[in-house]
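**Q** Going down the list, the sequences are from chains A and B. Numbering follows my numbering, in which position 18 of the first sequence is assigned residue number 18; successive positions increment by one, without gaps. Numbering follows my numbering, in which position 79 of the second sequence is assigned residue number 79; successive positions increment by one, without gaps.
Treat the hints with care, as some may be off.
[To be verified] Some, not all, of what chain B presents toward chain A, calculated at C-beta under 8 Å: (1) S108; (2) P110; (3) L132; (4) E139.
[What the hints assert, rightly or not] Covered by chain A, according to a simulated footprint, are these stretches of chain B (three or more residues, beta-carbon under 8 Å): (5) 84-96; (6) 140-147.
Simulated from the structure, these hints should not be mistaken for laboratory data. Idealized CB from N, CA, C, for every residue including glycine.
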Amino acid sequence: MIHSEELRQSPFLADFTESDIAHLAQIALPTRWRPGEAIFSARSPAKYLYILKSGSILLCFPNGRSFVVREPGQLLGWSSLVSPFHYTATGLCLTESTLFQFPNSELYKLFQMDAGLGQRVMQKIAAIMQERKPYRTREIRA
Amino acid sequence: MYGLSAISAANGWLITAAGITIVFTGLVVLALVLANLEKTLTAWDRRHEMLEKRRRIPKAAPSPEEMAAEKPKAVPTPTTPVVDLSTEQMEVYAYFQWLANRQGETFSLPRLLEQAEKRGIRNPYTHLDLFLRLGLIQELGGTQRGFYRWNPDVVVRSAEEAEVGS
């Protein structure tokens, strides 16, 4: 469990209610990672959603593409809430990083209790999926 | 007369064995062809790239000291951004450049890191983050999004050079 205040700073949760953030904070766990560690691997079962607190994460796609996530509050591991529940990229730590970890089983329990929260989270995830779609396309190299 | 007795009566065991061998050999060959079809087609699609690679003469990897000794050729102008790096950062920067150039003008960061790890470069992850932050490496756009290149508009110099210059 973490303090709601820490989650409130996340742009991902900017328009969420105090109650939503409090519920999410109850199931969040802070995790620390060192440079070179893989937070999750592409094609492996996706069990956790992450929100970046600090550090730099390189998201590496199997086609060779990649991009860096370093803005605090950014979301990683949306595959944990979208079928077929396998990560589409590998999350590689570039620097010492801290992330808030949300088990998808706990998230689904929350969504069962509050369908509105589920809808708001999934809407955000849909936008992120669309934004990151170009990185998942097949490799085109000259 | 039918079945095995008919084969024995007509001295057909040899031809039976030959038949079985031919059929099974055919099946094995077919299985091998199907198993390798994807690889073959991929290799056919990339034939020009592979031929190009073969034509290039592989060079021995230079030592980090040699790489660091090579100074950037670009001359800084008032409008050109200049980035000062420590000796260790310069070594890694030069090594990264050498590794990235093996991929071509545009390169993939995961592959670069993989190569850097294999060659035992010190702290490749934190160095890569630094180079990205400093704008030495820039992401491409369009269909090449997610691939990177060295920023030609930035001049890199070692901290020692910076001290001499100031």
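**Q** With a cut-off of 8 Å between beta carbons, are at least three residues of the stretch 84-96 of chain B near chain A?
**A** violated (count 0)
**Q** Classify the hint on B:L132 as holds or violated, based on whether any CB of chain A lies nearer than 8 Å to its CB.
**A** 6 Å, holds
**Q** Tell me if B:S108 is really an interface residue toward chain A, meaning its C-beta lies closer than 8 Å to one of theirs.
**A** Holds. Min distance 4 Å.
**Q** Can B:P110 be said to touch chain A, with a Cβ gap under 8 Å?
**A** Cβ of B:P110 sits 4 Å from chain A, so the hint holds.
**Q** When I compare C-beta atoms, does the stretch 140-147 of chain B have three or more residues closer than 8 Å to chain A?
**A** holds (count 5)
**Q** Regarding the hint that B:E139 lies at the interface with chain A, is the smallest CB-CB distance below 8 Å?
**A** 7 Å, holds
This entry does not satisfy hint 5, going by the numbered hints stated previously; all others are met.
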